[in-house]
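2 protein chains.
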Amino acid sequence: MSQIYERVALIGLGLIASSIAHAARRAGVAGEIVGYARSAETRGIAREIELCDRITETMQDAVEGADLVILCVPVGVMGDVAKEIAPHLADGATVSDVGSTKRAVIAAVQPHMPGHIHFIPAHPVAGTEQSGPRSGFETLFDNRWCLLTPLPDTSDAKLETFTQFWRALGSNVDFMDPDHHDLVLAVTSHAPHLIAYTMVGVADDLSRVTDSEVVKYSAAGFRDFTRIAASDPTMWRDVFLTNKDATLEILGRFTEELFALQRAIRTGDGEHLHDYFTRTRAIRRGVIEAGQDTDAPDFGRGGPN
Amino acid sequence: MSQIYERVALIGLGLIASSIAHAARRAGVAGEIVGYARSAETRGIAREIELCDRITETMQDAVEGADLVILCVPVGVMGDVAKEIAPHLADGATVSDVGSTKRAVIAAVQPHMPGHIHFIPAHPVAGTEQSGPRSGFETLFDNRWCLLTPLPDTSDAKLETFTQFWRALGSNVDFMDPDHHDLVLAVTSHAPHLIAYTMVGVADDLSRVTDSEVVKYSAAGFRDFTRIAASDPTMWRDVFLTNKDATLEILGRFTEELFALQRAIRTGDGEHLHDYFTRTRAIRRGVIEAGQDTDAPDFGRGGPN
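Line order of the protein sequences matches chains A and B.
Count along the first sequence from 1, add 704, and you get the number used in the working numbering.
Count along the second sequence from 1, add 704, and you get the number used in the working numbering.
In isolation and in its complexed conformation, chain A is listed as follows (with noise of 0.2 Å):
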């Protein structure tokens, strides 16, 4: 692969722009890799194992001669980095982001950018529970979807050597409206991430059932929610802050049919029961015949290969 982008600033080391590090590393498309944290000891960290090519003391620093750069940070901060780097971009650059909900983004962060700057909403729907520089890995996004969500007037050639970077890091690219990926996403993301902090904070919270007994026999559904629910704090409430409509509207309708699998329970309606948990299988094929997870039994966890 040969180089797409001169110089990447990452603003913000977490597990995303150290994934993109690494990735952008492996293709060869960034001529140099520039990242600045706010915190010193992850500045420390992403030295000690070389993260990038550059780690600067201050965001200015970073963004300065990048024509690429990327925020990677909790989306209820983008509005103040993108204030803070305008004066600094360089002609003509490209801004991007890899923040969960994009109408929040684009308010924030567009009315701050120069008119000499082409801004690029970007969500790459990958990740794990861990975070922190230390976390990233250059194999993130491959074969998963990063969905670029352009402004109306977003040059067709920006576009077009944006999408090439994010296909050469790994990923499927994917083009949609704002409003249409903060819903999807409230599905396929959000909605169940609420869903697992709370059956979390539940098992944590009954008095007749102790911690202990909770982690033990975890094996047999529970664990699985105990992954998601240890995802990064700070990231999750901005999510749900700034996707609260399409959050609200899907755990409406989480709830209506929860009562109603309940209604099921309490009055035996086994047919009922049984005629959803058969539905249900079925999207599961799709997810593995679509590539997007592993067939493995368990998540291949011990498994019989």
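It should be emphasised that the hints constitute simulated quantities derived from the structure, not laboratory data.
Please note: incorrect hints may appear among the correct ones.
Identical copies go unnamed one by one, so any copy, or any two together, can satisfy a pair.
[Stated by the list, open to error] Straight-line alpha carbon distances no greater than 20 Å define the calculated EDC-like cross-link-like pairs of lysine to aspartate or glutamate that follow:
hint, residue 1, residue 2
1, K948, E960
2, K948, E975
3, K787, E752
4, K862, E736
5, K948, D973
6, K862, D771
7, K787, D765
8, K948, D979
9, K948, D795
10, K787, D979
11, K787, D949
12, K948, D1002
13, K948, E842
14, K948, E736
15, K948, D883
16, K787, E975
17, K862, D795
18, K787, D771
Once you've looked at the hints, dock chain B against the given chain A.
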């Protein structure tokens, strides 16, 4: 390991029974392993893969002469199976089961057991989303917990022997009161399964988001739910119908908590959300420290190592 039982009969040849067969063979604890399944197709597969030493055409033939009989059928048919095998059980045999609920199984099975039989209810807390005779594997129970809920008049000697059997299969063994078992499992298994089924059902049923979108962007959390929601529909229907009270109690607590978090989202109470999400991380650490899950990010799905 030396032989513990001369002949072990497995009634039903799904995931758990086939894993018992493999693990018992690995441990050399059974002189002979005999299997029976109601479906001719399942019996045919079991013979083809040489799952047991012998597959019988009738339930009666399977249990005759067995000093251990394990009922590995859905909870809803345990009573019928117990009734059918009762007259054919060997004198002094131990009968057990692997049902995910215990109070209902005891109520259904115990009345049919002749006085010379030792009925020891059991629940190996392990599994995958797969089912059928091909899905078993010898390591399924390694370092998982098998919960025994012995009845008040159970013979100490028979209980000790049966405990040794489960330990030989790789399990840790704990003892519990049946009602408490049903409550603990409602938290760690039954409620999480119903919630996962519900979430997958909702996603499948939205008119504004296509199934193809749900599948493509599932890597952001949803795909973990699809694994759980791919579990055997008959088994799970029976679990909910036979652990109604505890499941509904936990779902009630879950809904209460979910409403509180929804309110926090609606009112923009970021502190409440952040505190809640921070607390749930600790439980994940507990699960990993107890050896009940892998610490590889994202369950090791194509991760860094």
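Hints versus structure:
For the identical chains of this complex, K948 and E960 are neighbours both inside a copy (18 Å) and across copies (19 Å), given an alpha-carbon limit of 20 Å. For the homomeric pair K948 and E975, the shortest alpha-carbon distance between copies (15 Å) is at most 20 Å, but the shortest distance inside one copy (35 Å) is not. For the homomeric pair K787 and E752, neither the shortest alpha-carbon distance inside one copy (29 Å) nor that between copies (68 Å) is at most 20 Å. In this homomeric assembly, K862 and E736 come within 20 Å of each other (Cα to Cα) only inside a single copy, at 19 Å, whereas the closest approach across copies is 70 Å.
For the homomeric pair K948 and D973, the shortest alpha-carbon distance between copies (12 Å) is at most 20 Å, but the shortest distance inside one copy (34 Å) is not. Taking the closest pair of Cα atoms, K862 and D771 come within 20 Å of each other only inside a single copy of the chain (11 Å); across copies the shortest separation is 74 Å, beyond that limit. Taking the closest pair of Cα atoms, K787 and D765 come within 20 Å of each other only inside a single copy of the chain (15 Å); across copies the shortest separation is 79 Å, beyond that limit. For the identical chains of this complex, K948 and D979 are inter-copy neighbours only, at 18 Å across copies versus 32 Å inside a copy, given an alpha-carbon limit of 20 Å.
When the C-alpha separation of K948 and D795 is checked against a cutoff of 20 Å, the pair qualifies neither within a copy, at 35 Å, nor between copies, at 65 Å. For a Cα distance limit of 20 Å, the shortest separation of K787 from D979 qualifies neither inside one copy, at 53 Å, nor across copies, at 28 Å. Taking identical chains as interchangeable, the C-alpha atoms of K787 and D949 are never at most 20 Å apart, the minima being 26 Å within one chain and 55 Å between chains. For the identical chains of this complex, K948 and D1002 are neighbours neither inside a copy (32 Å) nor across copies (26 Å), given an alpha-carbon limit of 20 Å.
For the homomeric pair K948 and E842, neither the shortest alpha-carbon distance inside one copy (32 Å) nor that between copies (46 Å) is at most 20 Å. In this assembly of identical chains, the alpha carbons of K948 and E736 never lie at most 20 Å apart, being 38 Å within a copy and 60 Å across copies at closest. For the identical chains of this complex, K948 and D883 are intra-copy neighbours only, at 12 Å inside a copy versus 40 Å across copies, given an alpha-carbon limit of 20 Å. In this assembly of identical chains, the alpha carbons of K787 and E975 never lie at most 20 Å apart, being 57 Å within a copy and 25 Å across copies at closest.
Proximity of K862 to D795 under the C-alpha cut-off of 20 Å is restricted to the intra-copy arrangement: shortest distance 13 Å within a copy versus 81 Å between copies. Only within a single protomer do K787 and D771 lie at most 20 Å apart by alpha-carbon distance; the minimum there is 18 Å, versus 76 Å between protomers.
When held up to the earlier numbered hints, the structure conflicts with 3, 9, 10, 11, 12, 13, 14, 16 and fits the remainder.
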